Structures are given as C-alpha cells and as structure tokens.
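Go by the hints and put chains D, G and B onto chain Z.
There are 4 protein chains.
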Amino acid sequence: MLDELREAAARQRRQRALKSLVLGCKRLLSGRGQMNGTPVARDLIERLDILPDDQLDGFFDYLANDLSPDPQTVLRRARAYAENPGAAELIALTRAAEPARQELLRRLNRTPGGTATVLRLRRVLLKRLPRRPELAALEADLLHLLSSWFNPGFLQMKRVDWNSPAQLLEKIILHEAVHEVDGWDDLRRRMQPDRRCFAFFHPQLPDEPLIFVEVALLPEMPDAIAPLIDKNATPLTAEDFRVAAFYGISNCEPGLRSVSLGNFLIKQVAEHLHHELPRVRTYCTLSPIPGFSAWLRAAPDLAALPGVGKAALAKLTAARATLEQASGGDLGALQSPTLLEALDAAAQDALLALAAAYLGHASPTPAGDPVARFHLDNGARLERLNPRGNMSPAGLRQSFGLMVNYLYDLDRIESSHAKFRNGAVARSRAVSGLI
Amino acid sequence: MLDELREAAARQRRQRALKSLVLGCKRLLSGRGQMNGTPVARDLIERLDILPDDQLDGFFDYLANDLSPDPQTVLRRARAYAENPGAAELIALTRAAEPARQELLRRLNRTPGGTATVLRLRRVLLKRLPRRPELAALEADLLHLLSSWFNPGFLQMKRVDWNSPAQLLEKIILHEAVHEVDGWDDLRRRMQPDRRCFAFFHPQLPDEPLIFVEVALLPEMPDAIAPLIDKNATPLTAEDFRVAAFYGISNCEPGLRSVSLGNFLIKQVAEHLHHELPRVRTYCTLSPIPGFSAWLRAAPDLAALPGVGKAALAKLTAARATLEQASGGDLGALQSPTLLEALDAAAQDALLALAAAYLGHASPTPAGDPVARFHLDNGARLERLNPRGNMSPAGLRQSFGLMVNYLYDLDRIESSHAKFRNGAVARSRAVSGLI
Amino acid sequence: MLDELREAAARQRRQRALKSLVLGCKRLLSGRGQMNGTPVARDLIERLDILPDDQLDGFFDYLANDLSPDPQTVLRRARAYAENPGAAELIALTRAAEPARQELLRRLNRTPGGTATVLRLRRVLLKRLPRRPELAALEADLLHLLSSWFNPGFLQMKRVDWNSPAQLLEKIILHEAVHEVDGWDDLRRRMQPDRRCFAFFHPQLPDEPLIFVEVALLPEMPDAIAPLIDKNATPLTAEDFRVAAFYGISNCEPGLRSVSLGNFLIKQVAEHLHHELPRVRTYCTLSPIPGFSAWLRAAPDLAALPGVGKAALAKLTAARATLEQASGGDLGALQSPTLLEALDAAAQDALLALAAAYLGHASPTPAGDPVARFHLDNGARLERLNPRGNMSPAGLRQSFGLMVNYLYDLDRIESSHAKFRNGAVARSRAVSGLI
Amino acid sequence: MLDELREAAARQRRQRALKSLVLGCKRLLSGRGQMNGTPVARDLIERLDILPDDQLDGFFDYLANDLSPDPQTVLRRARAYAENPGAAELIALTRAAEPARQELLRRLNRTPGGTATVLRLRRVLLKRLPRRPELAALEADLLHLLSSWFNPGFLQMKRVDWNSPAQLLEKIILHEAVHEVDGWDDLRRRMQPDRRCFAFFHPQLPDEPLIFVEVALLPEMPDAIAPLIDKNATPLTAEDFRVAAFYGISNCEPGLRSVSLGNFLIKQVAEHLHHELPRVRTYCTLSPIPGFSAWLRAAPDLAALPGVGKAALAKLTAARATLEQASGGDLGALQSPTLLEALDAAAQDALLALAAAYLGHASPTPAGDPVARFHLDNGARLERLNPRGNMSPAGLRQSFGLMVNYLYDLDRIESSHAKFRNGAVARSRAVSGLI
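Protein chains in written order, with our numbering: chain Z, 2 to 436; chain D, 2 to 436; chain G, 2 to 436; chain B, 2 to 436.
Just chain Z, same shape as in the assembly:
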C-alpha cells in the first residue's frame, strides 16, 4: 500500500520533470529561442544532465513523435516540387522534410555543455534501440548531426606521451580495448619514443580523447604481439625505425558509434609519421582475427566462399580434414597452446589456408570479420598471416593464436578500397598463395 503510494508519487515527479523538459524544448524552438536561446538551452541541459538514464524514455518519445515532420505537409511540398522543381519549392520542401528535433539539438549544442549532453543522449539511445526500433529515425538524426560536428576537419590530432597530463593518460588506460594496459608501468613503456600514441580531440571537449591509436616503431613488420607490449622491452633508437605498426585502435566515446573516425585517424597518423620519420617506409597493422575460430567451428560451406575456384576448394576441404584429424575431431581443441605448438607442418599450413579463406570473404556488408572489414574498406591490403602471433587466452580463443598484418600502402589505398567495394579483397601474393 505504502509502496504503491510511493510509486505513484515518483511517477508524478517523473511526469512533471518530463513536462517541464517538453516546455523548455518548445521555448527553445520558438522565435525567442532563435535569438535568446542560450539561457533556455542551458536550463534544458541542466535538467537533462540530472535525469537518470532510465528516465530518458519519455524524452525520447517526445523527440520521436512530436518533432517528426508532418506527413501531409511534406507530401504537399513534395508535390509542389515535383510539379515545379524551382528554388523556392525546394527550400520549402527541405524545411518541411527535416525533423524539427534536428533544429532543437542544434540549439542545445549552442551552449558550452551542449555537445556532451547530445553525446550522452545518443549513448543511452543506442542501448535502447534494440528493444525500441521505432526510435531509429531519432537515432539517424543524432548520427547525422554528430557526423557533421565531429567531422575530421574540426578534430585535432594530438600525440599522447609520458609528458601528457595524468588525467588524460588515465583515460587511455581505461579505454584501451585491444591489448589491456596493465597499470602505469605498462603505460609508461607504451609512451617511450619507439611507441607512439595519437588521439583525436574535439575543441568543445578538450580533455576527452575520442579515439586513439597505438603504434610501434620497428625494424621490420611484426609477427607477434607479445614483444610489442612487453613492459620490460628495451626501447629502440630512431635509426632502427623502418616500420610503423598500428597494434591497437580504441574508441573512447560510445556516443560516436558509426561516426567515421578510425580511418581518418590512421591515415593522419601515417602522414604525420611520414613527415617526422622519413626512414619509415612501411605502415601496417598487427591485428587480431576475432571471428575466425567461431566461423571455422561452425562448419561453414567452403564452396560458397567468394572467389574460390575448384582447385582452391579442394585444397580448403583437405585442409579442414587435416585439422580435424589433428584436433581429434574437435576443432575447439586447437585452442590449446600445447596442441598448437605440436602441430606438424601440414596442419599448420591447413590452418593458414583456412584463415586466408576466412579473411578473403570479408565484404562491405556486415559479414565476415569486423576488423578485416574495417581495414580492407579503409584501403589496406591483407599482407601476412602470423601463426602463434597471440598466445594469450583471448588470442587462442578467437583465432587459434593467429594474427594478421594489414598493409597501408599510401599510394594504393584508394584502389584497394574501390576493389573491396566491388567485392574483392586486396591481398599480397603470399596470402593468395595460401589458398
């Protein structure tokens, strides 16, 4: 009984909060918001910022339902434009078709904290989306605006090193997603002159790294991750730098999902290093193959792989048979380091051939390995497969310890990307030879 009363009171409070939010939005969208919106926007932002995530649903509903274009008005404008496709008709149509919430969000963004609030809205919304697909159009508007505001022309690339503020380095430790940073000593090693870290920042959020990439400067293309992230490795001197290997790229801001940042960052870093270290001629990655093991164990139809001719199919089928034998019938057993170390040459080759086939069927659609898709779409080339590249539990589980180098050949990026968009994967001769 008492609980019910409490619940009712809380519901009322929530409704009141929502109501005043909606009122604020209307005020901000009115003529007065146009000229004098800053205090209104500031007030709205403060209200939004104190609202717990789970109470944002009402606000999302308001944005999605009340601030969508009016179907009849758009239809009228579209007809007028179809009859007479002039400037005036087009302007009227564009205005009618743009959801009013876009203007609302732009006005929110006018105050200092605005950008952070909009990012948070999208962060929360993205979590809701799977259960509430009707919010997809709102989500599309947020992505549209954030892409415009976080375009690489507005971002600043900065080097992060041991001279950076501890506050920033702490965020690097927190967000490193590929090869976890094991405390400050580990970080310190990654900040030595033969390791580099670069991040994108937005002028409006100067202390927040948006995405960062970790680079190792090496004498040759690396074939295993352990030496790169070994805390106790002796730093190399600049004369020995020949290869820049991207060994980790991590997003810090989930609110920017699907906003293209990584591909711009990698290329800007490559260009920067190209000027700073003219001796470095090779830009590549040392990347995981997160989906390989799951794919192989799911008994895929090898014949359906793109670009696999008769001979290749025979080879791949034989490879699978070899592996099944080597693993005693359970391919999962190959995730054991002992077994992997003990594989004979034929079994090893079989593993490489199947991995090459797996990576070769990546495509611009959300199929295949996500890391492969990212780099190949970005214009990189599938360069080399490295057995026993990552013998950590995660590496064994994901890909039987295999790692891969993607090569960024600055002169061929555009053609490789085009090739990928047309359904083919750019590969080195060595990789092609595996199949």
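Don't read these hints as lab results, they were simulated from the structure.
Bear in mind the structure is a predicted one, so any value in this text is a computation, not a measurement.
One should not assume that every hint holds.
[To be verified] Among the chain B residues that face chain G by a calculated CB cut under 7 Å, a handful are:
{"id": "1", "residue": "V75"}
{"id": "2", "residue": "A79"}
{"id": "3", "residue": "Y82"}
{"id": "4", "residue": "N85"}
{"id": "5", "residue": "P86"}
{"id": "6", "residue": "L94"}
{"id": "7", "residue": "T95"}
{"id": "8", "residue": "A137"}
{"id": "9", "residue": "A138"}
{"id": "10", "residue": "N152"}
{"id": "11", "residue": "A227"}
Don't be surprised by glycine CBs; every beta carbon is placed ideally from N, CA and C.
For chains D, G and B alone, kept in the frame of chain Z given last:
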C-alpha cells in the same frame, strides 16, 4: 580574329577546369569518398581555391542543378511516409529530401582548408544571388551548414587588446565598420583598460576574427561618440566604471551573413563583464540611426505608423511642420551642423519626437532601421535619444547627428524580445514621452 | 702483470682526460672565453658530463688549488685599500679576493646545460667533503653562486595536480621523502582538490621540480597523519576548508643543499592559498619529531635545557621517572604500539612534557630537532603536540608516535623568527603549560 | 622666506625617506632578512620605486660608504690567508672582501619586482658616474651581479614577428637605434619572412626585450642600406635566401651596459638560422662606420697607425692629398652627396683606402671605431667596404656614406677574435689590397 581564337581557348580551359571539378565532386560523393575522402577533398579544395571568382558560376550551376533532390523520388518517399509514418519511411524520406550537395560540402569540410573554402563559396554566391535567384536553394543549404558549424557553442570568445598579435589587430583596423580606426595610435587608445574589444573565433580558423564588439567602460551612459573614440582621451581607472557601452560591432566575414553571431557575442560579453567588473550595472549601446534621415525626407505617412494614436499623430504632424519651417522647406538642410546648432527648443523636440516615432516602427520584418531591428529583436530596449551625438559627416547625413542608446537589461531581455516579435517596441518612459 | 698494464693504461687515460679539462678551463677563462665562450663552455660541459663521479677528484683539486686567489696579491691589495680606502683600491681588492673559479663557473653556466652540470658538481662534492675538508672553500663558492642563481625571485611556483605531466608526477613519487607515495593510486588521492602540491621550478630546468610541499585542506588542525594520506579517504568540498596543513616538504635536488628554498616556498604557498581560499584562516604543519626518541634515550641533562626553571626541572625529572617505570626501565620499549596504547594518563602527560622540553631547546645553531629548527627559524610557533599522531614504524621509532603542529601566523612570522634568533622558542599557551 | 621654509620641509622629507630606506636595508641584511626577507624586500622596493631619480644620491652614498668592506678586517684576513692559505682562511677572506651591498642587492632581487629595481638603480647610477667617480666600486658591484643574473644561459632568444604582441612591437619601434623605424608600416615590412628579428628576454622580465638584432635574408652580401629598409620592397621567397645580413642591433636596457649580450645574440641567431635555413651559408653585417669622418678630419698621424709599412704610408698620404684636393681643402665638404657622386675613381679609391686604414687600427682598448671594435672582438672579419652604402644625412655625416660588411665565418670566429686580442685585425684580401 586572333581575339576570337584566344577567347575560344580560354573558354575551353574553363570548361576543362569545370569538368575536372565535377569529376572530383562525383568521386568525393561516391563510396570511396566516404572512407578515403581526405585526399580527394584536398584536391578539390586546391582546384577551387585557384579558380577566380568569376569562374565559379559553372560550379554553382552544377551544385544547384545536378545535386538537388530528385523530385519523383522525394514524392514517392513522401507518399510512403504519409501512408505509414514509421521510422524506416521517415529515414528514407529525410535522405531523399536532403540535397546531395549538403553531403558534398560536409565532406569538403573534412580537410583543414575546407571551412575557409566553403565560406568563400558563400561569399561569392551572395554577390551573385541578386542576379541569379535560381541559386537561392543552394544558398539556403550553405547557410544551413554554416549555421550548424559556426554555432556559438563551437566559437571561442577572446579579448583583443594591446597584447594581441599585430596580425590580429591589423584585421580589427581593417574590418571596423562603425567608427573607422585611424591608424595604430587610434587603435592603441581603444585597447586601453577602459576600452574593451572582444571577438569570436572558430577553432578551424584560429587567426580570423569572425565578428568583434567594442566596449567603453564609463561612469554613465554616453550621449556622444566623439569622446569615446578620441585618441587623446585620458583613460579612466577601474573604480569609475559603472556603465559598459557597446559602441561598435563589426562583422569580418561576409560569408557568414545571416548566421546569428552578434546577438550571442553581445550577451556573452555582458556576462563576462558582469563577472569581471561587478560594479558595472548598466549594459547599453551608443548606436547610429542609419535610416532616419532618408525616411524623414521621403515624407512618410505618419498615420500609418504602428501604435500611433490620434494625439500622437497630431504631435508628429506638428513636429514635421516645425522642422520644415526650421529647415526652410528642405529637410536635407538640417544635415548642416550650423543649422542644427542653431535650432530652437521646439525644433529640437520635434526632431526627437520624429526619431522616436521612426525607431518605434521597427519590426521583425526587414522594415525600419536595421540597427534598431537588430538590438530590439535581440531583447534590448530603446532607452534614450541623444541630439548631436555624432556630428561627423556620416552622422549628420544619416540622422541629423542623432544617436540612440539601447539598453540591455539582462533580466528583461527575453520579455523585450517577445514583445518585439509580437509587434511592439520596448521603450523607456523618456522615449515614450517624446511622442 | 696484465692487470698492472691495464691499470696503468686507465690511469693514463684519466690523466689525459683531466689535462684536457684543465686546458678547456684555461681557454674559457682567457680573453677569448669572455667573448666567444659558448662553444668552449659547451665542450667542457660535455667532457664533464661523461666523466664518472669517481674521476671528478682531479678536477676538484684543480679548481681548489689552481683557481684560488693568490695570497700575496690579495695581501698587497688589502694593504693598498687599508691605506687609501677609495673606489679604485676596492675594485682591485674585490677582484683579487674573488677565486677565479667563480668566474669559470659563471662562464660554464652560460650554455644551456651549464646549470645542470654545476649542480652535479656540487652534488658530488658534497659527498666528498667529509673526507676532504680542504675542498670547503670550493664548496663555499658553489653555494655562493647557486644561491644567487636560485634566488626565489627567479623561481616559479607551480601547482602540481592530476592534470600535470606524468613525467613530473613520477618525480614527485620518487622524491617524496616524508610520507612515501605508494604508487599512482596513492598519488592520485594526494592530487584531489582537497590536497594540494606546489613546487618551485627554475626557468633553466623547466621539467625539474626543485622542492615541493604537500598541503591538506581540512576543517580543523589535524592531529594524525594516517587520515591525510589515506588513499581511500573521501575528498572534502571547498566549503569545509578552514585549515591548510603542510604535511610534507621534500627537496628533489641534493645539489641545492643549504640554498634557502623551503621557507620561501611555504610562505609563497600560504600567500597563494590566502588569495584563492579566503575561508582558510589557519596555516599550520603536521610534522614529525625525528630526534626525540634518540635524545630521550641518551639520558640528557635536563637541568641544562634553556629556560627550564626549578619547578619545571622537578616536573621533567618526575616525568622521566614515570616513563622509565612505565617502560620497565628501557625507554626504547615505548616504541611498541601496544605499550603506547596502554600508557596511563600520567605516563602520557610525562611523554608530552618531555617532548615539549625537547622541542623547546631547539636553537639556530645546529642543535636540537632539525624539523623544529627549520620551522621555528622560519617564524612558526610550536602549537600542539599530538600523541599517537604517527603509529607507523618510522613514527614510533623517531618519536614514540608523537607528531607536532607548527603554526604559521602570517602576522607574527617576523617576531617569532626574531625571538628564535634571540634564543627563545615561540610556543602556544597549551605547549607552555605542558612543562 | 616662504621658499626657504618649503625647501627646508622638502629636505626634511627627503631625509626621512632616506632614513627609512637605510633602516629597511639594515633589516634586510640582518638575520631576519635571511629567512623572512620577502616582505622586507618588497617594502624596500616599493619605497625605491617611488623615489625620483634625483633623490637616489643619498641612497647611493649609503651603499658606497656604509656597505663597503672594512679595510682593517680585510687586511687581517688577507694576512691570515697569506700565512696559511687554507680553506677556512680563504672562506673568511672572501666573505670579508665582498662588499655587504652585494648581499643586499641579492636579497632585493628575491622578490618579483627586484630585478627591475636593480636595473633602474644602475641606469641612474651610470648617469651619475661621470660626475661622481667615487661611486665606481658600487657600479662595479652592480655590473658584477647583473652579469651573473643576465648570463646568456638564463636568457631566452625569441623571434619577433608580425604575430608578436603589439605591446612588444611598440618597444622595438621605440628602441631601434641604428635605422629608425618609421611607424607601423615600416615595422610591418621588417617583419616579413625575408626579414627577421630576434631578441633576448629574461624570465623575470618576460615582456621586456633586452636587446634585438635585425636580419635581412638576401641572395648576396648587401652593399647599401636603403633597399633593406625600404617599406615598399617586395619580399623575397625562401629559395633565394643565401646570405643573412645583420643590419641593426639595438640595446633596449641601458641598465645592462657592458653586460655581454650582443655577441651571444648574434651567434645564437646565426646558429638558429643555420638550422632553419641550410641554404644560407654566409653570415655578415651591413654596418655603419660612426667615427670615420671625425677621425679623418682631425688630421690623424698616419704614420702611427699599427701595421702600416712604408709603402702603405706613402699610399695613404697620397690618398689624403687626393681627397683634400677633391674637397677643396675642407674634408667636411665630402659629406655632401653631390660632391661624393662626382668624385673621380682616384678620389674614391683614396676614400676607401683611408677607411680601411681607419678600421684596421681598431683595438680591444676603447680606441678606434666602436662598431668595428664590437664585431672584430666578437670574431668577425673586415670583409668589404661599400661606397655610397648609406646616403642619409647620418650616413654622410659619420662616414661620407661609406658602410662596411663584417663577415661571421662560424669556423674562424675564435681565431679571428684571438688575432684581434693580439692586436691585429682579420681582413679579407680585398680590404687588405686597399692599403
């Protein structure tokens, strides 16, 4: 004959240049532009930057004609959305209705020089527009994008003073539009502690002031401009500051016309001074009345002025008669300083009454005095009329030497603005009493 | 045999190195060094920097023996000045009496790395000095020069916080000498807004903190160290700050021993906080008493303590007897926490009385407790004794867990200091009452 | 009568002011000044700063008379050291021989404004010195301290350009002593990329340039000043830079007279340009010859010139005769541009020969041309004489329009300097051939 040949060759060159521009745009808009657009965009920007203004027409035509939404597609999407107003339909509609040139311009903006190039496109386009109204939709797109990119949340307000780089101060001298700066000595005076100057900057154009405002700190509301810009005036000390008078606001970037900057700048400066100098309680302007003389000499229909009752009409009609007599029948004669100085009290009152009536008929539509419209729409109040406030040739010509103070009462800004939007002008009792 | 040869070769190498050092010094001191000394000085510095510490003795000998003033010349000049004390005679005398090595060191200091090299020379020399007292005059010259170069007017006080470069924070961890920093988490707590850290820097060594002080902002004067350095303590908010307690002051550069830095730093920090946090009215320390236990156990002659009258002597003698009984005859046993916790009121009072007597006999000569001497000479007042203030092994060993607050009353600093110089210790009534 | 009373009152005020200054000095020098001197020093500095220049004499007298070493004490210490030249004796002697005012000035320098005050003291003192030679020892102490504090290792060289604060550029205009800057347009030209300006700053006086040098980047060694300082000259691009010509060096701080700054600045700039612009291979000056005309007209004894053999003497004597004839007996007439332009080849050669002889007799003692002395002592070489290099009134008056290039050959600087110190002038073959 030779001339014709030359002309033909030049025409060919221009066509080739345009063709490669169009090709570049297509490449940038394609899938490969999405992921690897930076070099493509950079190339396009370089081509655009070397093209003389008078050769941009072909490019504008391409943007206006080829990158508008397809009428039939939009109509189809609008129908689908009207039938079933769901998220998927809306997303499809929004995409179809947005002109492809918006995406093109966003991608151009991704490279460092991009913003400057887009600004220049709009600068040139605005000059073309009067003769080529069919480009209005393109112009609307540019304004739309620039408003989003130059929103006040992204701008930095900085104080400009005698410690600022000479390079920046030189631009202030160049762009000061209200009361010309007569060389470095004049500027030096305006940079003393009892004069302030604040400008907005965009992170992407860090050396370019976008708009700046000049402020005088004074013991009381000023009634004439000459003492404020007198090079040899002795600076006041901070104890005497009670009033902050905005005496000049100048745009530096014609490509940002109609992007709201001035109103945000004035309010941000007022807030800044409010914190720095708590003794300053009054924020006002000392402003010109650029349209008064022309209006009065054009013999306006006083009866048609908004909010003018019978009694006021009689008073204004009498005032005009008084002035006509005082000027010997030619109101233009009142632009002579000698005549102005010699006016009797009745004639002076008549002049003030008519000015009050003139300023009182400002409205949100592009009617009436533009400076009045700016400040009133911005939430300021018409506070005081100052005879002989500006006896320079320009002041005499524009408004018979009259100047006006608009008062920014931070607590009433929103209500004054709302009043103005509803057709009425906020006035002090003193100004109301004049009519 | 072979060893002897090797040894001889090494000796020869060392002699050659020394010889070229001496040659370089002569060149730098010559006329050509005056005008064109930079490359010569740079070369000398490089040679010195690679010389191991244990090979600097020959160089010290050269500085001490060859670059001292010539006794006969000085005597001649002194006689001339005594006969006719005019300007010319004085200038000649001053020049003759100044050791030439001072000019040499000043010229070394003209190149970028020079200051660091001179600091290192003194660092090494100070270690040698106990065994080689004949180098004392050289040491005096180094101290003289460094005091002039590192005078507080040239130093910059900077706040160190969680936004400081990791490189700098690492040095703070390394050099904290009073209460060891236990890794980055511990440091992070000490960098929260209710803990402050300030350091002095020299413009020539911008990345090197010279000395730093740690401050806790608290609601009242602290009586124990553990809560101040507890990693998991919840930070206070600014409204609760009333007291600024200096709980650690650490030198980072042994080469600056005896150069007054700490006293200037404490006062500059107090002045800084006074402006930033007007609510903070009390500036005090929470300090160790490093020499108390050793003094007490050495059975000091209580009658010889300064300012101890008959009554006080009786009280102190009784106090010692009480403690001896409580400790079972061995005062060292009182370093056990169990025993300390179990002391009855009388024994506790006895301990405090003896500590007050110990601290009260500090004097400007190097007698008594060094920490007491530093703060009392600096103008602070002996304010409060805190039993069980530091129950760590070090605290128990040094002072049976006792800690002390010294109070910095900005208005009385000069008089307290003068009092101390005259042989008396400024004490609060509470401390005076203990004896 | 009234005047006498007023005068007496003013005298009393001055005496009181002096008395409290002296008291402050004693306090600062006492033990309490050692530890807690900052407020005392600050108070002293404030008192000194408001004292008009003409009232500093009493203070100078105090410093000179009361704070000199005691003759008998020094004599005693000197005897003790002569008897037993050990470390303790030397330390005691050094202390006794150093004037106490040095320590006083060092303590003044501990507070922020201290350095500026000490500089001002020396500025004023240097003006007094000619009439009050008894202050020479005080002056020597000031020079000694300032040389130690303004040593080049503590100074920062910064480029001054059109991006520098107007406040700084204004000081450059004010202090340019060689070729006057004619307003901001003139300055603007000197700040273009083919003109450079570098200044030394002290960390304690960050807004005050101490000395600056102006450099022109050119395709070849310049032979006239007019094109270098022509406001309307078109800037060259970087590909054409081959020669860096120092065309002006100006001190901004008279209080630093005789402190070596210029020679260090020139070399540091040369080194800086050497790295920035590897194509620039030649570093030279284009310098005035301020004393040539006065020397020549004073009928110098040519036979007494150093290094002039029989043949040379004959040549120079003939040259003088030629010039006397050409000038109609009055060598001063040669300061007329018309006459200079009309000189025949023989007379021109005569002029050059005599100028070469004049410059060749420069020596490290304060004889000969001061500019020549500066550059030759600095290690430069007399490279080329340029007739009609400066046809401005000053150029004609000083040196009949002649200018000279001194060459800075970085590899030979030390040997040229040594040569000069030994009494010979380093000259190019061309200049040697003139005599």
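Holds or violated: the hint that N152 (chain B) contacts chain G, with Cβ atoms closer than 7 Å.
Holds. Min distance 5 Å.
Is the interface hint for P86 (chain B) satisfied, with its Cβ closer than 7 Å to some Cβ of chain G?
5 Å, holds
Close enough to count: is the Cβ of T95 (chain B) nearer than 7 Å to one in chain G?
Hint holds; T95 (chain B) Cβ to chain G Cβ min 6 Å, cut 7 Å.
So, as I understand it, the hint says V75 (chain B) touches chain G; can you test that by seeing if any CB pair is closer than 7 Å?
5 Å, holds
Quick check on A227 (chain B) please, does its C-beta sit within 7 Å of some C-beta on chain G?
At about 31 Å, which exceeds the 7 Å cut-off, the nearest Cβ of chain G leaves the hint on A227 (chain B) violated.
Let's test the interface hint: is any C-beta of chain G closer than 7 Å to that of A138 (chain B)?
Holds: closest Cβ of chain G sits about 4 Å from A138 (chain B), inside 7 Å.
Using the nearest Cβ pair, does N85 (chain B) come within less than 7 Å of chain G?
Given a least distance of 9 Å, the restraint on N85 (chain B) is violated.
Taking the closest Cβ pair, is Y82 (chain B) under 7 Å from chain G?
5 Å, holds
Would you check whether L94 (chain B) satisfies its interface hint, that is, whether its CB is within less than 7 Å of any CB in chain G?
This interface hint holds because 6 Å falls under the 7 Å limit.
Interface hint outcome for A137 (chain B) [beta carbon to chain G under 7 Å]:
4 Å, holds
May I ask you to test the interface hint for A79 (chain B) with respect to chain G, counting a Cβ-Cβ separation under 7 Å as satisfied?
At 4 Å from the nearest chain G Cβ, A79 (chain B) passes the 7 Å test, so the hint holds.
In summary, the numbered hints that this structure violates are 4, 11.
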